[in-house]
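Residue numbers (my numbering), protein chains in the order written: chain Z, 1 to 313; chain X, 1 to 530.
Hints listed in this document are in silico derivations from the structure and should not be mistaken for laboratory results.
Ideal Cβ positions, reconstructed from N, Cα and C, are used throughout, including at glycine.
Among the hints, erroneous ones may be present.
What the hints assert, rightly or not - Here are the simulated DMTMM-like cross-link-like pairs (lysine to aspartate or glutamate), alpha carbons at most 25 Å apart as the crow flies:
1) Z/Lys229 <-> Z/Glu259
2) X/Lys206 <-> Z/Glu276
3) X/Lys244 <-> Z/Glu276
4) X/Lys148 <-> Z/Glu276
5) X/Lys68 <-> Z/Glu165
6) X/Lys512 <-> Z/Glu165
7) X/Lys106 <-> X/Asp142
8) X/Lys418 <-> Z/Glu165
9) X/Lys197 <-> X/Asp128
Unchecked claim - Quick list of simulated restraints, FRET-style, between CB atoms:
10) X/Ser523 <-> Z/Pro27: 34 to 42 Å
11) X/Leu115 <-> Z/Gly55: 23 to 31 Å
12) X/His276 <-> Z/Met8: 33 to 41 Å
13) X/Gly202 <-> Z/Leu26: 54 to 62 Å
14) Z/Gly69 <-> X/Ser523: 29 to 37 Å
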Amino acid sequence: MARRLLSMLVTLFGVAVIIFLVLRLLPGNAVTAQLGVSAGLLSHAQLVALNHYYGVGEPFFQQFGSWLGSMFTGNLGVSLSSRTSVASLVGAALPITLELALVSMIIGELIGVLFGVFGSLKPGRLVDSVGQGASVVGLGIPSFVIGTGLVTFLASQFHYFPSSEGFVSITRDPWLNLQQIFFPALTLGLGIGAAMMRTTRAAMLEVIGLNYARTARGKGLSKRVVTWKHLFLGALVPVTTMSGIQLGYLLGGTVVVEEIFVLPGLGRLLITSINERDFPVVQSVTLIFAAGFIIVNMLTDVLYTVIDPRTRS
Amino acid sequence: MGLNGRTVLERQSGKRVARSRVALVLSAGMLATLGGVVSGSVATAQAARVPAVSGGALVVGDTSSVQKLDPDVVTNFLDFQALALIYDQLVQYNAKLQLVPDLATKWTYSNGNKLLTFQLRQGVTFDDGTTFTSANVVASLDRALAPKTGDASASFLANVKKIVATGPYTVQFQMSTPDSSVLDGLTSVNLSMLSTKAITAGTLAKTPDGTGPFAFSSWSPDNSFVMKANPSYWGGKVSLGSVKIETIPSEQSIASAVEANTVQIGLLTEPQIATHLPSPIVGQKVLDLTYRALMLQDKTGPLANVDNRLAIACAVNRKDVLNEAVFGAGQVVGPVPLGVFASPVSAVCPTPNIAMAKSYLQKAGDPNGFSFTALTSTDLDPTSAAQATVMQSELAQAGITMHPENIAGDAYIQDWLKGKFQAAFAWNGADPDPYTMYGRYFGAGANLGVPAGYSSPVLQKLLAQGDTASSPATRKAIWTQFSNALTSNAVWIWLFTAYDYAAVTSSVHGFKLAPTNSTSLASLRSTTLS
């Protein structure tokens, strides 16, 4: 475990260095990002003052050290654009992305596992054909098309677009919050469900003809018990792997859906900050995404040992 | 049989349990959303029956977000629009782009137009309760001029030597040279009148404090900006109780939010969305105070030859460029697109003339044409690639080869500022005053002389004359001459101005989108909501 944690810290440090360097290689800086071509209107004295204000031209090591220091103190630095602490911006956006990712995963898992399991039990029959067809649609149609279609349909037919009212947290208004999260989660969940369905179906078909499955059926166990306690458990490792991958990508992949459904999550914060060359925010948010991905992978590995005792050694 | 019977029962029961569990979860979600859908429809239907009343909370949707609160340093259009509702300036433009009083009730030039005296409005208070006087004018503009503030509009006051309060409600601008365009500069939100108390306390970046129709209420960076009606507004009672500017990153989502009536005014720029709004949503449009042009570096290569540039001007079909780039939703314009000094499209080839283009090429000694590279950046102007494609095929008819090169926004800005391009498709800010628009490019010692790519004593002289002249008729004649000098030398190729749009619900009354970008929401002070 200690070795895992150490490896995680080393990976995160590597990510931090790469993000820092890549951002500095991009043309432009916070002054030109804020002012655009109007930066040319500044007098020399104004430009010097603004460069100082935004920390443009400071030595790289000083900038990197100051950012790392702010990471350790927990405030994650100060946003160059809004002059508020990055921690407060992230603190407002992170719960929204986490909630969206969680609900999307639940929807995706429900759709994917149910269609995958029942489809594999009767390959080629109606449920399987519907699941296969839906998975092609889910994988083939990009989430922004589904999202835009949903928003347009609900707004034009029912005058209904709850997330455009401004996001409310689950503690403030659970009813409105559920309405605001459900449709973006459904949009993301359809894609996840498609991938999960294919993985679950393939994994189930692999174990369905194995000896232990035949034995379980031969013992006279009910179909439900055979399916869920024997077959599904046997197929759970690839399903868990796919779930981990989907969740990892989801943490950083909600950007487009957050834009369409007006959810002020981390993805939107990242895009805005990149456009404004707000380096402290971009660096911190990217590092959070990387940390999220690593943690999900670690948890997936831990889950393997629970699901499959052979992996414990 | 018993075993079989139990198994069948268990199986059926299991199926039921599984089905009911799945159904429970799905129905919870569906019920929640269906309930919301129904209540949304009912609420909208009810809202449509409510009569107009005073007060109410109006929501404006925009793809951008309010990024900064200090009026002296804002650069984003939406920042200008929002803060223009909180702050006042000395003078302002009306909907016809004429200068009208704001916190200055009248102004007079004297001493050979080198002394500008303002009479200030009395009985005006800031949101912090302090009274507006001449001391605020001096403190506000001194702050704007201080280099450490970084106010890009400070250049509008370049000719102002000193600002002196000569009485509690009188202030004088002492200028090094006569300067008519200083009034135009003073309309900028960057030169707003500020509370001395707030300047001293250093709170302007976090708590706006103005004299306008609305007062600051709250700000959630990247999400929303809320203002409430200013009960002591000098311009009379404000009908709306509050205005919230909600950031909705996609224009399609803005249109949907207006349909759902969660947003009452949606600010749009994409004609394909703005022109397909369903009834009873009202679409408003106004020509935007910006322009598209192909900027040319006229000092080296084939574009240094004026006849080659004129060949481009003649080969281009500006109307086609407009149609392709923004679906015809705009107007072909010359160097000064709007306002009392608006200029004709071009002194040479206002409509395409390929034969004339070829004759210019002959005259230039390039009868077989020439080639050049043109920068575009779809990051900065999504229509620039379409403009380039159309123009490329039009120039080809005359034998001119244009190589469009699309680059990232920041790279474009860097190259543009250094003049590292042969030609660049640009989306520039316009202004009713030609000196403010072009003094920065073609004036003596112009800040943007390098990207302008062209300098001429004639243009410098005309700019100086236009700036010092005070008679409107004289100024009009000078600015017409100036525009002709630009187009007859094909300094750049001016293309078009596009429309800005607003999608407005039927519950909004009295709102009219204004042509100046920074004050496009100005009519909210007299807007009512049902």
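Here's how the hints hold up against the structure:
| no. | hint | verdict |
| --- | --- | --- |
| 1 | Z/Lys229 <-> Z/Glu259 | 41 Å, violated |
| 2 | X/Lys206 <-> Z/Glu276 | 19 Å, holds |
| 3 | X/Lys244 <-> Z/Glu276 | 23 Å, holds |
| 4 | X/Lys148 <-> Z/Glu276 | 21 Å, holds |
| 5 | X/Lys68 <-> Z/Glu165 | 22 Å, holds |
| 6 | X/Lys512 <-> Z/Glu165 | 23 Å, holds |
| 7 | X/Lys106 <-> X/Asp142 | 21 Å, holds |
| 8 | X/Lys418 <-> Z/Glu165 | 44 Å, violated |
| 9 | X/Lys197 <-> X/Asp128 | 8 Å, holds |
| 10 | X/Ser523 <-> Z/Pro27: 34 to 42 Å | 40 Å, holds |
| 11 | X/Leu115 <-> Z/Gly55: 23 to 31 Å | 42 Å, violated |
| 12 | X/His276 <-> Z/Met8: 33 to 41 Å | 51 Å, violated |
| 13 | X/Gly202 <-> Z/Leu26: 54 to 62 Å | 32 Å, violated |
| 14 | Z/Gly69 <-> X/Ser523: 29 to 37 Å | 49 Å, violated |
Going through the hint list in order, the structure does not satisfy hints 1, 8, 11, 12, 13 and 14.
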